[in-house]
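Once you know that position 116 of the sequence shown is 819 in this note's numbering, the rest is easy, because the numbers rise by one and skip nothing.
I should point out that these hints are in silico values taken from the structure, not numbers from a laboratory.
Hints are not guaranteed to be accurate.
To be verified - Computed cross-link-like contacts, SDA-like style, restricted to lysine to any residue with a CA-CA straight-line distance of at most 20 Å: (1) LYS780 with LEU790; (2) LYS897 with ASP970; (3) LYS905 with ILE892; (4) LYS814 with TYR936; (5) LYS755 with PHE817; (6) LYS821 with SER797.
What the hints assert, rightly or not - Label pairs and their in silico Cβ distance ranges: (7) ARG958 with ASP788: 51 to 59 Å; (8) ASN796 with VAL763: 15 to 23 Å; (9) ASP903 with TYR994: 50 to 58 Å; (10) SER803 with CYS935: 46 to 54 Å.
Yeah, the Cβ is synthetic: ideal placement off N, Cα and C, and Gly gets one too.
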Amino acid sequence: MDVADTSTMYKKSNNSLVHEIKQNLQQLPGEPLEAEKFTIFRVPEHIRYKNKQLYEPRMVSIGPYYHGNDAFQAMEKHKWRYLRDYLSRNTRNSIENCISELRGLESRACKCYFQDVKFQSDEFLKMMLLDGCFIIEFLIKCLLMRTDDVPVGGQENMPLCFRRRPNSTDGRAPRTIPSASELQESGIIFTRKKSDNILDIKFQNGILEIPFISIEDTRRSRLLNLVSFEQCYIKLGLNLTSYACFMGALFKTTRDVTLLQEKGIIDNLLATNDELVSFFNWLTECSYLDYEAHYLKDLFIDVNRYYNSDWHKWRATLKRDYFTNPWSIISVTAAFALMVLTPYSLTDSVHYPFLLSYKLVPAMYTVGRNVI
């Protein structure tokens, strides 16, 4: 085979390959760069494989991912009742107007989902109508209840008010901090911060202030899903991921959990403290965090700097070993006083003969002169 034949063969092969790739690209749904518009994701398998049930709805399905599941059919009937309530509130909200408005939003709504929405157009619009009216009516009914009875949680579940603090140090930021027990041994004091935002963590002058949080199955599932959403939609920020890594660093053993329970910082309603430790450590391991940019970066730096100070460790050891009860305090005070007074007593012992001889010499000289 000569050079010309080889060149012709490669050209045909290239043309065939180019045609195949173009055809595959043309068959893709959606538009170029549409991934930037995705805001609704399925939890990645590497995150949900251990506890899949924590990422699945329990009572009602919203959106296409679990639509039609037999486990939620009872709530589908309630959605129809809520739709009727919504339409009865305002006679201008006719079904025709609702469908017309939703039809204009259909394409935009479909592009919000990371995975393809395999629904017929009318079926998707019906789902949007039922789910949307259900959410509106549910929130209205909640607002009519007393504030303490609202079941959707409080301000601690709204982390978006935080902004990343400017960098205050040079070099690479630490990826973790010592455990709660280790920090306490270095002299750091844990206190419960009066704040409704669980992200409002402060460290200053050896005092680490952490807002209260209660961990039970519902809160654990909510935290898992919010962290998973941050991992998929990084533009939102990684504040909850940073919080999870902070808690995972504090909880190395059950002793750490007990310490923060005694301080009134955490209330563990899971089966065991081991389960809480495993939860935060696993959540940390499967999450991505930019340690050079997260909102607790400066706190990590300050805590590590305090922990690595020998003076703080010595002071904490002295306080722990010698100032735990009144008798220890008395003993240390007496020992300190003895240590201070000892040099003075030795000084007097050394100088006393000299002073004595200094005073006696003139006297002896006077007596001798008189005798002579």
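Comparing the hints with the structure gives:
{"no.": "1", "hint": "LYS780 with LEU790", "in the structure": "16 Å, holds"}
{"no.": "2", "hint": "LYS897 with ASP970", "in the structure": "15 Å, holds"}
{"no.": "3", "hint": "LYS905 with ILE892", "in the structure": "12 Å, holds"}
{"no.": "4", "hint": "LYS814 with TYR936", "in the structure": "14 Å, holds"}
{"no.": "5", "hint": "LYS755 with PHE817", "in the structure": "19 Å, holds"}
{"no.": "6", "hint": "LYS821 with SER797", "in the structure": "27 Å, violated"}
{"no.": "7", "hint": "ARG958 with ASP788: 51 to 59 Å", "in the structure": "52 Å, holds"}
{"no.": "8", "hint": "ASN796 with VAL763: 15 to 23 Å", "in the structure": "22 Å, holds"}
{"no.": "9", "hint": "ASP903 with TYR994: 50 to 58 Å", "in the structure": "20 Å, violated"}
{"no.": "10", "hint": "SER803 with CYS935: 46 to 54 Å", "in the structure": "32 Å, violated"}
Hints 6, 9, 10 from the earlier list are contradicted by this structure; the remaining hints agree with it.
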